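Engineer: Given next are the chains, with one letter for each unit.
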Amino acid sequence: MTLNKSKELLLEMKNIHIDGFSDERWHKILKGVDLTLHRGEILGLIGESGAGKSTMGKAAMGYTQPGCKIIKGEINFNGIDLAKLTEFEKRKIWGTKISYVAQSAAASFNPAHRLMEQTISAANRLKINPTDVLKKDAVQLYESLQLPDAENIGDRYPHQVSGGQLQRIMTAMAMSPRPELIIFDEPTTALDVTTQVEVLSAMRSIVDKFNTAAIYITHDLAVVAQMADRIKVLRYGEEVEEAETRDMLSNPKEEYTKSLWSVRSLIKPEETNEDYMLSIKNIDAAYGSSKVLHNVSIDIPKGKTVAIVGESGSGKSTTARVITGLLPQLKGEIIFDGKKLSPKLEQRSKEELRRIQIIFQMPDTAMNPRQTVDEIIGRPIEFYQGIKGKEREAKVIELLKMIELDETFLDRLPSELSGGQKQRICIARALAANPDLIICDEVTSALDQIVQEGILKLLQKLQKELGVTYIFITHDIATVKAISDEIVVMYQGEVVEQGLKSKILNPPYPDYTELLLSSVPEMDPDWLTNLLNKRSS
Amino acid sequence: MSENLSYSAKSEVANLIKRRTRLERLKIALSKAPISAWFGMIVLFIYFFAAIFAPLIAPHGEAEIFPVAYAPWGDGHIFGTDQIGRDIFSRIIYAARNTIGICLLATFIALGIGTVFGIIAALDRRYLDQLLSRIVDTLMAIPVMIFTFILLSVFGPTNFNLIVILGILESTRFFRISRSVAVGQVVLEYVEVARLRGENLSYIIFREILPNIASPLIIEFGLRFIFIIFTISSLSFLGIGIQPPSADWASMVRENAILIQYAQYDITAGLTPLIPAAAIALLCVSINFVVDWYLYITSGLKDDVK
Amino acid sequence: MLRLSLGLVTVFAFSVIIFSTFSFLPGDFATEILGQSATKSAVKALRAELGLDKPPVTRYFDWLGNVFQGDFGSSFSGRSKVQGDQGDRSREVVGLIVPRLKNTLFLTGVAAMLAIPLSLILGISAALYRNSYYDRSATGVSLVTVSSPEFFTAYIFILLLATLFPVFPTISNVDEASTLAERFYRTALPVFTLTLITMGHMMRMTRSAIINILSSEYIEMAKLSGASRYEVIVKHALPNAWAPISQVIAINLAYMLIGSVVVEYVFNYQGIGRLMVGSVYNRDLPVVQACALIFASTYVILNLIADLIGIISNPRLLYPK
Numbered sequence: 000m001t002l003n004k005s006k007e008l009l010l011e012m013k014n015i016h017i018d019g020f021s022d023e024r025w026h027k028i029l030k031g032v033d034l035t036l037h038r039g040e041i042l043g044l045i046g047e048s049g050a051g052k053s054t055m056g057k058a059a060m061g062y063t064q065p066g067c068k069i070i071k072g073e074i075n076f077n078g079i080d081l082a083k084l085t086e087f088e089k090r091k092i093w094g095t096k097i098s099y100v101a102q103s104a105a106a107s108f109n110p111a112h113r114l115m116e117q118t119i120s121a122a123n124r125l126k127i128n129p130t131d132v133l134k135k136d137a138v139q140l141y142e143s144l145q146l147p148d149a150e151n152i153g154d155r156y157p158h159q160v161s162g163g164q165l166q167r168i169m170t171a172m173a174m175s176p177r178p179e180l181i182i183f184d185e186p187t188t189a190l191d192v193t194t195q196v197e198v199l200s201a202m203r204s205i206v207d208k209f210n211t212a213a214i215y216i217t218h219d220l221a222v223v224a225q226m227a228d229r230i231k232v233l234r235y236g237e238e239v240e241e242a243e244t245r246d247m248l249s250n251p252k253e254e255y256t257k258s259l260w261s262v263r264s265l266i267k268p269e270e271t272n273e274d275y276m277l278s279i280k281n282i283d284a285a286y287g288s289s290k291v292l293h294n295v296s297i298d299i300p301k302g303k304t305v306a307i308v309g310e311s312g313s314g315k316s317t318t319a320r321v322i323t324g325l326l327p328q329l330k331g332e333i334i335f336d337g338k339k340l341s342p343k344l345e346q347r348s349k350e351e352l353r354r355i356q357i358i359f360q361m362p363d364t365a366m367n368p369r370q371t372v373d374e375i376i377g378r379p380i381e382f383y384q385g386i387k388g389k390e391r392e393a394k395v396i397e398l399l400k401m402i403e404l405d406e407t408f409l410d411r412l413p414s415e416l417s418g419g420q421k422q423r424i425c426i427a428r429a430l431a432a433n434p435d436l437i438i439c440d441e442v443t444s445a446l447d448q449i450v451q452e453g454i455l456k457l458l459q460k461l462q463k464e465l466g467v468t469y470i471f472i473t474h475d476i477a478t479v480k481a482i483s484d485e486i487v488v489m490y491q492g493e494v495v496e497q498g499l500k501s502k503i504l505n506p507p508y509p510d511y512t513e514l515l516l517s518s519v520p521e522m523d524p525d526w527l528t529n530l531l532n533k534r535s536s
Numbered sequence: 000m001s002e003n004l005s006y007s008a009k010s011e012v013a014n015l016i017k018r019r020t021r022l023e024r025l026k027i028a029l030s031k032a033p034i035s036a037w038f039g040m041i042v043l044f045i046y047f048f049a050a051i052f053a054p055l056i057a058p059h060g061e062a063e064i065f066p067v068a069y070a071p072w073g074d075g076h077i078f079g080t081d082q083i084g085r086d087i088f089s090r091i092i093y094a095a096r097n098t099i100g101i102c103l104l105a106t107f108i109a110l111g112i113g114t115v116f117g118i119i120a121a122l123d124r125r126y127l128d129q130l131l132s133r134i135v136d137t138l139m140a141i142p143v144m145i146f147t148f149i150l151l152s153v154f155g156p157t158n159f160n161l162i163v164i165l166g167i168l169e170s171t172r173f174f175r176i177s178r179s180v181a182v183g184q185v186v187l188e189y190v191e192v193a194r195l196r197g198e199n200l201s202y203i204i205f206r207e208i209l210p211n212i213a214s215p216l217i218i219e220f221g222l223r224f225i226f227i228i229f230t231i232s233s234l235s236f237l238g239i240g241i242q243p244p245s246a247d248w249a250s251m252v253r254e255n256a257i258l259i260q261y262a263q264y265d266i267t268a269g270l271t272p273l274i275p276a277a278a279i280a281l282l283c284v285s286i287n288f289v290v291d292w293y294l295y296i297t298s299g300l301k302d303d304v305k
Numbered sequence: 000m001l002r003l004s005l006g007l008v009t010v011f012a013f014s015v016i017i018f019s020t021f022s023f024l025p026g027d028f029a030t031e032i033l034g035q036s037a038t039k040s041a042v043k044a045l046r047a048e049l050g051l052d053k054p055p056v057t058r059y060f061d062w063l064g065n066v067f068q069g070d071f072g073s074s075f076s077g078r079s080k081v082q083g084d085q086g087d088r089s090r091e092v093v094g095l096i097v098p099r100l101k102n103t104l105f106l107t108g109v110a111a112m113l114a115i116p117l118s119l120i121l122g123i124s125a126a127l128y129r130n131s132y133y134d135r136s137a138t139g140v141s142l143v144t145v146s147s148p149e150f151f152t153a154y155i156f157i158l159l160l161a162t163l164f165p166v167f168p169t170i171s172n173v174d175e176a177s178t179l180a181e182r183f184y185r186t187a188l189p190v191f192t193l194t195l196i197t198m199g200h201m202m203r204m205t206r207s208a209i210i211n212i213l214s215s216e217y218i219e220m221a222k223l224s225g226a227s228r229y230e231v232i233v234k235h236a237l238p239n240a241w242a243p244i245s246q247v248i249a250i251n252l253a254y255m256l257i258g259s260v261v262v263e264y265v266f267n268y269q270g271i272g273r274l275m276v277g278s279v280y281n282r283d284l285p286v287v288q289a290c291a292l293i294f295a296s297t298y299v300i301l302n303l304i305a306d307l308i309g310i311i312s313n314p315r316l317l318y319p320k
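Protein chains in written order, with numbering that gives the first Met the number 0: chain A, 0 to 536; chain B, 0 to 305; chain C, 0 to 320.
Source of the hints: derived by calculation from the structure; they are not laboratory data.
Just so it is clear, the structure is predicted and the values come from calculations on it, not from any experiment.
Glycine included, every Cβ here is placed at the ideal spot set by N, Cα and C.
Keep in mind that a hint or two might mislead.
To be verified - Listed below are several chain C residues computed to face chain B (Cβ distance under 10 angstroms; list not exhaustive):
#	residue
1	147
2	162
3	166
4	264
5	279
6	287
Please take these sequences and the hints and turn them into a complete structure.
Structural biologist: This is the structure:
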């Protein structure tokens, strides 16, 4: 990443206002945002969900999604105002001068065509180079993006390659006509951390190689730090601040920007306990004929928090399902508070069910959309304790206060709550059963940074007050640092290691733990460069 | 932006769109309803009104026979009389009661059987699901009209048989749709939460899942209702559906079809057999309009705004 | 292969159902044929001749075996009621069915050749010009046609084109001797009716299939990569549309086949649907069995073809990982 790039203006967006239409009314998505971009420069656009960053990225092409419209503003690209062009004129710029890399590569490729055909389709339209030249060029792009079998991978169909590979092929597709600007719209959000590192480095090197300007949209500050020369922070459709990457990281001006990585400042002193709330011993489990857990043994100390970390496919969520009885194990046993638990959900007693509760990743799907908060929290109270009517409502209000909400929420439906509030209601529902063990399955990963911090603090507070034990399943190392006493690392259905936080997070590491930990982006613009140097040496 | 400094869960509402009560939503939906939906709702209201109060509205009795057969329009009989001298207008009104009543009953039977088994299959996903799905696949592969036709010719074409046979055959469609929608819901965590709490099957079906799959079921109900009207009408038209002396639109078409040949001499005669047929078509168009509108509201699939 | 065997199982199951339901029939065919006054020994003799004295399972397999050899047995009607009458006038079911089947295939074939191209063109263009006045009126009209029962459409055609303006005949009587032109002329109205009633469905289903594809992410991506309107449709949407469209066609052909029963009745067209209805009135068991079986198998085959096309045109299944 060189800082001495040209100062020739490529894109200038002035006072962009965009409205969106949903739920039978118009509301503002962007409220007058400016943006400038020079040739060869990479601008990071960062913000939480609903900040309008993706809308801004698409507006840079003069495109708005169906249901949105540009109210006012100028989009000067190479001196042409894209906002004033017709669809027909814009099409001559799209795909060739400006190209777009979408978040979900799997859905964005046409399933009916081979990858090579799609890679070169935009360049083909220019009719500058013949097809065979373009194909050779595409193979070279594939190579520089470190795709395996670059010669032949283009002959495959989209469903035949992995998500990380598709994302890189989409980058090749964007690069093929040698555009002046590429819009990356959350290109690595759907990927695992270890894959993310590969894709990030491939994208960065190719953008550097051709000196292409880019707008990189993400919600992850650490990721954008690796890619961008400058960073612009958006919130609620307005600009919060903009600065050079290094300045922004070392010296953020606005409180909001600081709060974006505040979760990483949360610290919990580790403690352990020889008295186990739950022990699982030599568990094997399978979905149908595919075995997903191999001889898994984990001990959970009473009143403490054990974090289970791993990437998708590591078996961490399956472990949770086995503990709850949703997926009976094939082999091994579960000891809960000194007593053996039946593998099958149906054979466990009501009391056993009450004592183990689970909170899920997506609060949206974890609550019945047709039930009010009162019904959601009240049902376990009624079901387990037989408390009804006024008394039940009093209990529900008590629980709402415990999670820092109040009785005004009683008659709301889940759709009338924000993401953080929904997750709090799920926590209250788990607490309503008065449990001894709560399994938290990726409870914060669907939430924005600032909300994550609030939820983690709440969970810590509740543990102190109620002495409840947590199993915390996550792929996010920052969260692990913030909340756990002990850590279990899982990989491909096996436990790599279990131990105190200080032991796991410090050398010496087993190979996989090392790979996992080193792949987590850090708030250091040189992190990726250093990492790649270290790995190649 | 410094007003957002201190974080509080209660005030975490900046992204939250203002609440609307169900009544407000209904008002908005109705105020934005297209003309077609209004048309459909009004026509449906008239039909159901006619069906319920048939004896009060109809000028003559359902099976009352007058001396003149094939009497022309007007002259005491708005649409004339049929081949044995019954008042056609009155019979059209009574037919609303018979046709709509029988079809509605059959549709409700189908809905009940199909939905309960569909959700059970979705929850089970093992042998029971396999067994039920295979049976339903087989039944669905056979055209309903032909199947009903055969069964009615065997068991006798009574109204009771008609309702039961169609109710069972059509329940396969409700099974399919409720199963496929419920499968999507069953894997959601809120159902798992209920199972983990130890709730029993009927609580999970009726309190957790059913409210969330109501919309597609209501739409399917509308479409199946039309289909059942069609099937019963076709059967009646072929003389094996609703049995005399009950008036029903399709039989009336068949009974008076001969009049169409006199259209050259008296256009009203030619139109007489078409009126009951048009009654069916108008009913189905109206249901379609309302279903389309409902589909539009519930799917959230708003057309492009530009 | 799995689907093929499932289809066979379905037809087999239906044959069992058809056969067994007729065993429940109240009364005895032999008595019915010979009349109430027949002597006991005559009834017994006929029962033996028809095989009605054998257990149902044996009868079923005898019947099934014969069906496989193209022998649906002989019709009950026309059988002499007079005992000892040597001139048995009952006709072989096959001989009865084959010409009728040809007639029905002719009718539905012509209607399909009109309906398929018309509704595809209408459906695709309505999807492309979504929400235009053209689209709105096309979907509006199609809604009315799909909401009209077959006999309503049929009688409107009769009223307009046969009685008020006598262009075409009301009764579509054709026989072996009819020339092709004559056939077209006589079957014009039933063909129009069948075309109209299936077109509405086919057009609406095509439209929604295309709209479904046009709203997918890869289409947005194609637009963002600068593809022209033509290119988006021909290169990106169409290859993914064949499967749903062919399914729409197969489903509607099956629908048309069932609709032909009513249409044949209205126009008194000597097709297989008309034969089946007539045979039910006459309680002519073997003919009804045969007709129902033919309808069911054609229906199953059409649906099977729809499934197969869906599989073949999906690259996911053609090129596995």
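Engineer: Any CB of chain B closer than 10 angstroms to the CB of residue 166 of chain C?
Structural biologist: 13 angstroms, violated
Engineer: Does the interface hint hold: is residue 287 of chain C within less than 10 angstroms of chain B, judged Cβ to Cβ?
Structural biologist: Because about 7 angstroms separates residue 287 of chain C from the closest Cβ in chain B, which is inside the 10 angstroms limit, the hint holds.
Engineer: Mind checking the CB of residue 147 of chain C against every CB in chain B and telling me if the closest is under 10 angstroms?
Structural biologist: Since chain B brings a Cβ to about 4 angstroms from residue 147 of chain C, closer than 10 angstroms, the hint holds.
Engineer: Can we keep the residue 162 of chain C interface hint, with Cβ of chain B closer than 10 angstroms?
Structural biologist: 4 angstroms, holds
Engineer: Does the CB of residue 279 of chain C sit less than 10 angstroms away from some CB of chain B?
Structural biologist: 5 angstroms, holds
Engineer: Under 10 angstroms, Cβ to Cβ, is where residue 264 of chain C needs to be relative to chain B, so tell me if that hint holds or is violated.
Structural biologist: 6 angstroms, holds
Hint 3 alone, counting from the list given before, is not met by this structure.
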